[in-house]
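*Asks:* Each chain, letter by letter, is given below.
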Amino acid sequence: MTDKQPYALIAEFDSVSAVMHAAEQVRDEGYMIWDVHSPMPIHGINQAMGLRPTILPWITLAHGVVGAVFGLGLTWWMNATTVPGLSPSVQGYEFLISGKPTFSLPANIPIIFETTILFAAIGTLLGMLGLNKLPMLHNPLAKSERFLRATADRLFIVISAKDEHFDSETTHQFLQRLSPLSIEVVMED
Amino acid sequence: MTNVHLSLPRKLTQFLAGGALIGAVLSLIGAAVYSGGSRRVMLAYLVAFAFVLSLSLGSLFFVLIGHLMRAGWNVLVRRPAEIFSLNIVTVAVLFLPIALSVVLGGELYPWAKRDAVESTHRATPVALNEPTALAAGAPHGADDHHSSLYVHQTVDELTRSKQGWLNPTAFILRSLVFFGIWTLIAWFYFSRSRHQDSLAGGDDDTRQMEWWAGVSVFAFGITLTYAAFDMLMSIDPHWYSTIYGVYFFAGCAVGGFSINLLAILLLQRFDLFPVALSDEHRRDLGRLLFAFVFFWGYIAFSQYMLLWYANVPETTRWFVVRGASMAEGYTNSWGYLLVLLLFGHFIIPFLGIMSRHVKTNSNAMIFWTGWLLLMHYFDLYWLVMPELGPHFTFGLPEIGTLLFALCVYLLGASMIATRTSMVPTGDPRLSASVAITDAY
Numbered sequence: 001m002t003d004k005q006p007y008a009l010i011a012e013f014d015s016v017s018a019v020m021h022a023a024e025q026v027r028d029e030g031y032m033i034w035d036v037h038s039p040m041p042i043h044g045i046n047q048a049m050g051l052r053p054t055i056l057p058w059i060t061l062a063h064g065v066v067g068a069v070f071g072l073g074l075t076w077w078m079n080a081t082t083v084p085g086l087s088p089s090v091q092g093y094e095f096l097i098s099g100k101p102t103f104s105l106p107a108n109i110p111i112i113f114e115t116t117i118l119f120a121a122i123g124t125l126l127g128m129l130g131l132n133k134l135p136m137l138h139n140p141l142a143k144s145e146r147f148l149r150a151t152a153d154r155l156f157i158v159i160s161a162k163d164e165h166f167d168s169e170t171t172h173q174f175l176q177r178l179s180p181l182s183i184e185v186v187m188e189d
Numbered sequence: 190m191t192n193v194h195l196s197l198p199r200k201l202t203q204f205l206a207g208g209a210l211i212g213a214v215l216s217l218i219g220a221a222v223y224s225g226g227s228r229r230v231m232l233a234y235l236v237a238f239a240f241v242l243s244l245s246l247g248s249l250f251f252v253l254i255g256h257l258m259r260a261g262w263n264v265l266v267r268r269p270a271e272i273f274s275l276n277i278v279t280v281a282v283l284f285l286p287i288a289l290s291v292v293l294g295g296e297l298y299p300w301a302k303r304d305a306v307e308s309t310h311r312a313t314p315v316a317l318n319e320p321t322a323l324a325a326g327a328p329h330g331a332d333d334h335h336s337s338l339y340v341h342q343t344v345d346e347l348t349r350s351k352q353g354w355l356n357p358t359a360f361i362l363r364s365l366v367f368f369g370i371w372t373l374i375a376w377f378y379f380s381r382s383r384h385q386d387s388l389a390g391g392d393d394d395t396r397q398m399e400w401w402a403g404v405s406v407f408a409f410g411i412t413l414t415y416a417a418f419d420m421l422m423s424i425d426p427h428w429y430s431t432i433y434g435v436y437f438f439a440g441c442a443v444g445g446f447s448i449n450l451l452a453i454l455l456l457q458r459f460d461l462f463p464v465a466l467s468d469e470h471r472r473d474l475g476r477l478l479f480a481f482v483f484f485w486g487y488i489a490f491s492q493y494m495l496l497w498y499a500n501v502p503e504t505t506r507w508f509v510v511r512g513a514s515m516a517e518g519y520t521n522s523w524g525y526l527l528v529l530l531l532f533g534h535f536i537i538p539f540l541g542i543m544s545r546h547v548k549t550n551s552n553a554m555i556f557w558t559g560w561l562l563l564m565h566y567f568d569l570y571w572l573v574m575p576e577l578g579p580h581f582t583f584g585l586p587e588i589g590t591l592l593f594a595l596c597v598y599l600l601g602a603s604m605i606a607t608r609t610s611m612v613p614t615g616d617p618r619l620s621a622s623v624a625i626t627d628a629y
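Chains F and U, in that order, are what the protein sequence lines are. First residue of the first sequence: 1, per the working numbering; consecutive thereafter. First residue of the second sequence: 190, per the working numbering; consecutive thereafter.
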């Protein structure tokens, strides 16, 4: 029991404006590993927390480009190639449709479009999960009875013990100055 | 917030009036100088008319979807769109030469020609990928294929069979209905919004505008589609494409959103817009434009792919004439315009506006909206002008008619704008719209 390390300090608020104001001060204090928990979306919280823009669009773009190349290769290989001696299970099938060339871009574009969208969409989903470190099956915060109200009617600022500015004493004092409803130390499991 | 009325410099009015005059003179010179110049000027005028029409319709669409979706974000930037959509009355005036041409049996639309030639010629069937079967029966040489492609411009049996719909009386009546409905909708939204300006507060006008948005969108969609069929598609009375109305609509959205964004950014640049636009507004407007750049490409490709796949001679003629065929003897210089549209109207702006840093950069967006307006003009140009013949032309008549129509259009817009506040000051959502913030 005694050798457990603190996981985070949590400060409880009951209004959006209070938590916005507090978040700005935490940002300006230089904390990096911290978060705001709220039962509803708060417009402008990104700026208040000083969050950098996400790299998710680049992940989406990269997956989209890969999907487009994949679709192009797929349609080319399947419709326009015959490789002698290759097993039929991976062999292309040149099929003549109304006299058109076997590799006809207009016919292939819908396929390329679909694979681009598919890859980009799946890439976005997986990228989002990865960036958020999801799925997270357990979070030490869930042990706090008080914190459970973050899904109902309370807002919380959580400063992680992993933050280099974190110190049980000074961080506690700092949070006190933000005049929250309460402050609680959450321990590691 | 004070009720600031826009005051444009007097020089602008003089400049636009001068531009319209020069444009008219250039058009007349063009008609006199070139052989077959009157038909060319009429077709060029049709392009210029369709261009300014699309700007108003695109703006009307912007106003309508805002109310339809009960949107708050676009309240701040709605007024320029209301002004451009009411400017449909100027477009109606610009329609008069076209109406006159139809009534007098001019050369613009083959079905409207008075000297209905008793010819049973039809456009010779042409397949995109199999020119050899045709070439065998016809004399060799590129121009021989080409001459067979324009036979339909004389009134033939197929055109006559459509005269129940395509005749001058019905055309004029339908045009009256189109412009009547557009003016009614635009006037309703403009005057309600202005009325709200004059009140201290209240949301009665907002509720009315929202209530009528649903009906208006239906009326808008149907009239726009049939107007595209009547005014643009019927220059080749043999050809039809059910997606043509959607294609024109996609162009309207690109053109309308572009001119609104351009107008707002320029007003801002010259300190004529009373409220500071945040990055969020720029980004949202840029996103909307970006979406419709892609929508245009999607629709353009859909129309092409179906006709390409089916490869029916009657319908492929339309694309052959517009330079889409690479078969020997069927290529023509309109193909360069087609490639320009593929890259300039779709791929390059698609990649260009994709980044959010571009969307929030005023200079960059002034460039891109101007670019897209130019491309949108050439899109309509590509729809209409290839009916002239197999050689790409762009010169005095085209520049003259565009200058004339655009200057008259902007003159009308500036007259409507002069007595108007640039933001809907009475809208209950205005302050929320000004303060809009958004997640990344």
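Some hints here could point you the wrong way.
[Stated by the list, open to error] Some residues of chain F that are not near chain U, with every Cβ distance over 10 Å (derived):
no.	residue
1	Arg27
2	His43
3	Pro88
4	Ser98
5	Ala107
6	Ile109
7	Leu118
8	Leu125
9	Asp167
10	His172
[Stated by the list, open to error] Simulated DEER-style distance windows between Cβ atoms:
no.	chain 1	residue 1	chain 2	residue 2	range
11	U	Met543	F	Gly85	20 to 28 Å
12	U	Glu346	F	Val65	32 to 40 Å
13	F	Thr54	U	Ala624	30 to 38 Å
14	U	Met543	F	Pro106	23 to 31 Å
By construction, these hints were calculated from the structure, which means they are not laboratory data. For glycine and all other residues, C-beta sits at the position ideal for the given N, C-alpha and C.
*Asks:* Indicate, hint by hint, whether the structure satisfies it.
*Replies:* Now the hints, each set against the structure:
no. : hint                             : verdict
1   : Arg27                            : 15 Å, holds
2   : His43                            : 5 Å, violated
3   : Pro88                            : 28 Å, holds
4   : Ser98                            : 6 Å, violated
5   : Ala107                           : 7 Å, violated
6   : Ile109                           : 7 Å, violated
7   : Leu118                           : 16 Å, holds
8   : Leu125                           : 17 Å, holds
9   : Asp167                           : 31 Å, holds
10  : His172                           : 31 Å, holds
11  : Met543/U to Gly85/F: 20 to 28 Å  : 44 Å, violated
12  : Glu346/U to Val65/F: 32 to 40 Å  : 52 Å, violated
13  : Thr54/F to Ala624/U: 30 to 38 Å  : 23 Å, violated
14  : Met543/U to Pro106/F: 23 to 31 Å : 24 Å, holds
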